[in-house]
Amino acid sequence: MHELSIVASIVDSVTETMAAYPGSRVKEVRLRIGALASVIEDSLQFCYGLGTQGTPLEGSTLIVKILPVRMHCDGCTSDVEIASLQSFRCPHCNEPLTDMRQGRELELDSIEIEEVEATV
Amino acid sequence: MTTRIVELRQGILKKNDELARGLRSQFETAGVLVLNLVSSPGTGKTEFLQGTLRELISSGSRAAALVGDLETDNDARRLAASGAPVRQINTHGICHLEAEMVSKHLDGWNLADLDYLFIENVGNLVCPSSYDLGEKIRVALLSVTEGEDKPLKYPTIYNSADVAVITKVDIAEAVGFDRATALKNISEIRPGIRIFETSAKSGVGMAEWLAYLAELRPLR
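Chains as they are written, first to last, in the numbering used here: chain A, 559 to 678; chain B, 82 to 301.
Calculated directly from the structure, the hints in this document are not laboratory data.
Mixed in with the good hints there might be a few duds.
DSS-like mimics (lysine-lysine), calculated; alpha carbons at most 25 Å apart, straight line [unchecked claim]:
{"hint": "1", "chain 1": "B", "residue 1": "K265", "chain 2": "B", "residue 2": "K234"}
{"hint": "2", "chain 1": "A", "residue 1": "K623", "chain 2": "B", "residue 2": "K265"}
{"hint": "3", "chain 1": "B", "residue 1": "K96", "chain 2": "B", "residue 2": "K185"}
{"hint": "4", "chain 1": "B", "residue 1": "K217", "chain 2": "B", "residue 2": "K95"}
{"hint": "5", "chain 1": "A", "residue 1": "K623", "chain 2": "B", "residue 2": "K96"}
{"hint": "6", "chain 1": "B", "residue 1": "K217", "chain 2": "B", "residue 2": "K185"}
{"hint": "7", "chain 1": "B", "residue 1": "K95", "chain 2": "A", "residue 2": "K623"}
{"hint": "8", "chain 1": "A", "residue 1": "K585", "chain 2": "B", "residue 2": "K95"}
{"hint": "9", "chain 1": "B", "residue 1": "K265", "chain 2": "B", "residue 2": "K96"}
{"hint": "10", "chain 1": "B", "residue 1": "K185", "chain 2": "B", "residue 2": "K265"}
{"hint": "11", "chain 1": "A", "residue 1": "K623", "chain 2": "A", "residue 2": "K585"}
Model, not experiment: these values are computed from the prediction.
Next up, chain A with everything else stripped away, as it sits in the complex (with noise of 0.2 Å):
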């Protein structure tokens, strides 16, 4: 359960992001998670609704973008996405793979803001 840390890291980062955009609310927070980077993405919104609270997060959505595990097979010289996590093994040819190319991201990668008009 350290989706929780994973979420006080997010709302320190965009915390700080959100002091250069005065009078502006967070809607959106998009994230990429490799599926190899043990993060459970209904822990994680559920830990979101608790972390963001009080924090200029509150109240706004996380998009989760899962990430294929993506290794590179000498074998046929290319990248291939394995076809579960339980074997490291190239779905095509067989052989043993240990180059990993993606899916160990815990990315925070934009966020979307929506500026707020000020009342005079």
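Given chain A, put chain B in place with the hints provided.
Okay, now just chain B, sitting in the frame of chain A:
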């Protein structure tokens, strides 16, 4: 009302990653080999480390350990019996160690006086995999009592390991441990990984493990 997208493109655990990078270069400069031990609770990390420290200290190597637990300093006290400097890190509910906790607990130690520093992580097969501690080698342990399919259930941590250690092999027969399947499963998740089969209690396999540690140690 206008909306706009602000690109951030940064690691969520950026702070931890930066701190870990700093630690790694600090360890390299000091010439100390740092290993991070990860496994489920009850695999026998402390027993294995106790045996390792005892052997290293008695053969004249300079080894120290940081040991992470949610509560209690029981493990630190067990490890200190080896004669090695040991510090307990209590995470108070946090399920993994972070680079900052490691960094704080190094205060007052002269790293250049050490050959090896072991970091025993909190017993957990999920969360520790995301937190770089600046280690050179990540050791994933699996005991014969846990079930041969554990690496398949927790591919993230076993895939992130540099070396695997099977513990408690002295009771393998009694618990019906299927050795061939366990070895195959580890290798399916991390092809080519070096696997040690050990019992800290009986001493089986410890000589191979210690020889590996000696190989890894850069010459001063």
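Results of checking the hints against the structure:
1. Of the pairs offered as hints, the one joining K265 (chain B) and K234 (chain B) holds, with about 14 Å between alpha carbons and a cut-off of 25 Å not exceeded.
2. Restraint check for K623 (chain A) and K265 (chain B): the C-alpha separation of about 32 Å exceeds 25 Å, so the hint is violated.
3. Distance check on the hinted pair: K96 (chain B) and K185 (chain B) sit about 15 Å apart at the alpha-carbon level, within 25 Å; holds.
4. Restraint check: the Cα-Cα separation between K217 (chain B) and K95 (chain B) comes to about 19 Å, which is no more than 25 Å; the hinted pair holds.
5. At roughly 22 Å between alpha-carbon atoms, K623 (chain A) and K96 (chain B) fall within 25 Å of each other, so this suggested pair holds.
6. Between the alpha carbons of K217 (chain B) and K185 (chain B) the distance comes to roughly 19 Å, so the proposed pair stays at or under 25 Å and holds.
7. Restraint check for K95 (chain B) and K623 (chain A): the C-alpha separation of about 19 Å stays at or below 25 Å, so the hint holds.
8. Restraint check: the Cα-Cα separation between K585 (chain A) and K95 (chain B) comes to about 23 Å, which is no more than 25 Å; the hinted pair holds.
9. A C-alpha spacing of about 37 Å is found between K265 (chain B) and K96 (chain B), which places the hinted pair above 25 Å, so the restraint is violated.
10. Among the hinted pairs, K185 (chain B) with K265 (chain B) is inconsistent with the structure: their alpha-carbon atoms are about 39 Å apart, more than 25 Å.
11. Simply put, K623 (chain A) and K585 (chain A) have alpha-carbon atoms about 17 Å apart, close enough for the 25 Å limit, and the pair holds.
Checked against the numbered hints listed earlier, the structure breaks hints 2, 9 and 10; every other hint is satisfied.
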